[in-house]
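Trainee: With chain V's structure known, arrange chain D on it following the hints.
There are 2 protein chains.
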Amino acid sequence: GRISPQKKKSDVRIKSVLSKMFNSMAKVNYDIDKKDGNVIVNVGYVGKEYYDDVLDILKEAYKKGLGISNRFGIKEEDGLIKISTICASTLDGIFSSYGVPIIPCYGGILEVEEDNERFIDIISYEGSSLDPHEVFFNKVDCETSILAGFREIPMCAREDLIDLVKALGWNGIKEIGRPNNEVYGVSVEKNMCGVVTIGGMNPLTMIKEHEIPIKINALHEIVKFSELVEYDKI
Amino acid sequence: GRISPQKKKSDVRIKSVLSKMFNSMAKVNYDIDKKDGNVIVNVGYVGKEYYDDVLDILKEAYKKGLGISNRFGIKEEDGLIKISTICASTLDGIFSSYGVPIIPCYGGILEVEEDNERFIDIISYEGSSLDPHEVFFNKVDCETSILAGFREIPMCAREDLIDLVKALGWNGIKEIGRPNNEVYGVSVEKNMCGVVTIGGMNPLTMIKEHEIPIKINALHEIVKFSELVEYDKI
Numbered sequence: 108g109r110i111s112p113q114k115k116k117s118d119v120r121i122k123s124v125l126s127k128m129f130n131s132m133a134k135v136n137y138d139i140d141k142k143d144g145n146v147i148v149n150v151g152y153v154g155k156e157y158y159d160d161v162l163d164i165l166k167e168a169y170k171k172g173l174g175i176s177n178r179f180g181i182k183e184e185d186g187l188i189k190i191s192t193i194c195a196s197t198l199d200g201i202f203s204s205y206g207v208p209i210i211p212c213y214g215g216i217l218e219v220e221e222d223n224e225r226f227i228d229i230i231s232y233e234g235s236s237l238d239p240h241e242v243f244f245n246k247v248d249c250e251t252s253i254l255a256g257f258r259e260i261p262m263c264a265r266e267d268l269i270d271l272v273k274a275l276g277w278n279g280i281k282e283i284g285r286p287n288n289e290v291y292g293v294s295v296e297k298n299m300c301g302v303v304t305i306g307g308m309n310p311l312t313m314i315k316e317h318e319i320p321i322k323i324n325a326l327h328e329i330v331k332f333s334e335l336v337e338y339d340k341i
Numbered sequence: 108g109r110i111s112p113q114k115k116k117s118d119v120r121i122k123s124v125l126s127k128m129f130n131s132m133a134k135v136n137y138d139i140d141k142k143d144g145n146v147i148v149n150v151g152y153v154g155k156e157y158y159d160d161v162l163d164i165l166k167e168a169y170k171k172g173l174g175i176s177n178r179f180g181i182k183e184e185d186g187l188i189k190i191s192t193i194c195a196s197t198l199d200g201i202f203s204s205y206g207v208p209i210i211p212c213y214g215g216i217l218e219v220e221e222d223n224e225r226f227i228d229i230i231s232y233e234g235s236s237l238d239p240h241e242v243f244f245n246k247v248d249c250e251t252s253i254l255a256g257f258r259e260i261p262m263c264a265r266e267d268l269i270d271l272v273k274a275l276g277w278n279g280i281k282e283i284g285r286p287n288n289e290v291y292g293v294s295v296e297k298n299m300c301g302v303v304t305i306g307g308m309n310p311l312t313m314i315k316e317h318e319i320p321i322k323i324n325a326l327h328e329i330v331k332f333s334e335l336v337e338y339d340k341i
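Which chain is which? The protein sequence lines are V and D, in order. Just so you know, we're using my numbering here: the first sequence kicks off at 108 and counts up by one. Just so you know, we're using my numbering here: the second sequence kicks off at 108 and counts up by one.
Only chain V is shown next, with the shape it has when bound in the complex (with noise of 0.2 angstroms):
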């Protein structure tokens, strides 16, 4: 069996998440100089009662490194709060777009107590339909374990990631494997790295972790990142 991503005119055809994560990585115009650009968001309400306590909650998110980059979005819309987290898939376009091929695989649920970091369970993004994150966002408590997802890269470009993601100065890669080796327990493809990546939706399964009833989008959304608030200002 194959999902096929062309597109079809049978709206029958079903759609591998994979496809859609490559269409939102092509928005994706944010310049490391410039520190702005379009970037991918997920997004999640709460009830207005609960400003205060979603705004500590992102705050230790952003403290215990679970937020990719150091902004998020929060505004009132319809009466609820808007929150709004950058995406992993924000890091495959910027990647991608100043030339490394990196490949999403899987996303998965990384258990991170005691020093024995490893996935405990994944799905690949390009045989699923549905998002892996949405599978396991009630099945981690971002204490003993996190969203996590797994990209791959060619062993050439490896060099050029670290320079990159240096540059890029955000938070959200946990590792960079080395050629050839497992990551967490995951294996790669000949003559590539694996890399790991923090989940977009961890501040928004913390928020759930407090017992605070949250709808999370099926949709990402597209925002220039300087509509978004540092986490430092809270």
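Among these hints, one or two may not hold up.
Copies of one chain are not kept apart here, so a pair can be met inside one copy or by any two copies together.
Claimed, not checked - Calculated pairs, DMTMM-like style, for lysine to aspartate or glutamate (alpha carbon to alpha carbon, straight line, at most 20 angstroms):
1. Lys122 x Glu233
2. Lys322 x Glu156
3. Lys322 x Glu220
4. Lys322 x Asp159
5. Lys122 x Glu224
6. Lys142 x Glu250
7. Lys166 x Asp270
8. Lys246 x Glu221
9. Lys122 x Glu218
10. Lys122 x Glu296
11. Lys322 x Glu296
12. Lys273 x Glu220
13. Lys155 x Glu233
14. Lys122 x Glu318
15. Lys297 x Glu233
16. Lys297 x Glu184
Everything labelled a hint here was simulated from the structure, so no lab data went into it. Here the structure is a predicted model, which means the values were calculated and not measured.
Mentor: Same frame as chain V, now just chain D:
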């Protein structure tokens, strides 16, 4: 990224559910002529007070064509009622042992209403460490949607499979597609045919739909087909 099926000393290496399915398939030795042998079952537990309700629901499931084969298991164990339904991996095991190479591709949700049957969500077995039907168990209602599986066979084996399905005489195969044709919205590799199976857990899902608390075992079990009871004899 690749989920490697080889056994490694390291306990860290994550295993795909496909490798577990191949292991299960190898344990099936059901003989079509003798109508007996080892089969694989899904197992669920409910409280003793639900015994009569559960029998009614299982009978209803069978009438709706949602049970694989014409048998299931029910017995008391440790103060609970243990229910066993035949898993679709049994079909894989039987067809493989009779010479049809059948490759499990996806587990998913099949929308079955209004003559417009199509998969609305799928997760690949190879690319996932967890059973897709475990993910989808709470998302189907067995009225408008059911758990279903997608497999592939080489087109040269299509007639053999049709003969085997007839000889086997079991409910469980929903559709055998034509070579290179998509089935219910999922496309196939070149020169393959799609084969759609009923999910073995659907009767357990119906129990859940009737608001009876049911605990599904993570692991499948191997039982002798003759030790199971006939749905018709309820």
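Trainee: When Cα atoms must be at most 20 angstroms apart, do Lys122 and Glu224 count as within-copy, between-copy, both, or neither?
Mentor: Between copies, since 16 angstroms is at most 20 angstroms while 32 angstroms is not.
Trainee: Within, between, both or neither: how does the pair Lys322, Glu156 come out at a Cα-Cα threshold of 20 angstroms?
Mentor: within (15 angstroms within a copy, 36 angstroms between copies)
Trainee: For Lys142 and Glu250, with the copy left unspecified, which applies at a CA distance of at most 20 angstroms: within, between, both, or neither?
Mentor: neither (31 angstroms within a copy, 52 angstroms between copies)
Trainee: With identical chains, the pair Lys297 and Glu233 could be close in the same copy or across copies; at 20 angstroms between alpha carbons, which is it: within, between, both, or neither?
Mentor: both (18 angstroms within a copy, 18 angstroms between copies)
Trainee: Quick one: Lys122 to Glu318, C-alpha cut-off 20 angstroms, is that within a copy, between copies, both, or neither?
Mentor: neither (33 angstroms within a copy, 32 angstroms between copies)
Trainee: Using 20 angstroms as the alpha-carbon threshold, which applies to Lys322 and Glu220: within, between, both, or neither?
Mentor: Neither, since 28 angstroms and 28 angstroms both go past 20 angstroms.
Trainee: Which holds for Lys122 with Glu296 at a C-alpha limit of 20 angstroms: within a copy, between copies, both or neither?
Mentor: Classified as between; 15 angstroms across copies, 24 angstroms inside a copy.
Trainee: When no copy is specified for Lys273 and Glu220, does a C-alpha distance of 20 angstroms or less occur within a copy, between copies, both, or neither?
Mentor: So Lys273 and Glu220 fail the 20 angstroms test inside a copy (26 angstroms) and across (53 angstroms) alike.
Trainee: Can you tell me if Lys122 and Glu233 fall within 20 angstroms by alpha carbon in one copy, between copies, both or neither?
Mentor: both (9 angstroms within a copy, 17 angstroms between copies)
Trainee: Taking 20 angstroms as the upper bound on the Cα-Cα distance, should Lys166 and Asp270 be classified as within, between, both, or neither?
Mentor: neither (28 angstroms within a copy, 63 angstroms between copies)
Trainee: Treating 20 angstroms as the Cα threshold, decide for Lys122 and Glu218: within, between, both or neither.
Mentor: between (29 angstroms within a copy, 15 angstroms between copies)
Trainee: Between copies, within a copy, both or neither: which fits Lys322 and Asp159 at Cα up to 20 angstroms?
Mentor: Answer is within; shortest intra-copy Cα gap is 17 angstroms, inter-copy 39 angstroms.
Violated hints for the displayed structure, listed by number in ascending order: 3, 6, 7, 11, 12, 13, 14 and 16.
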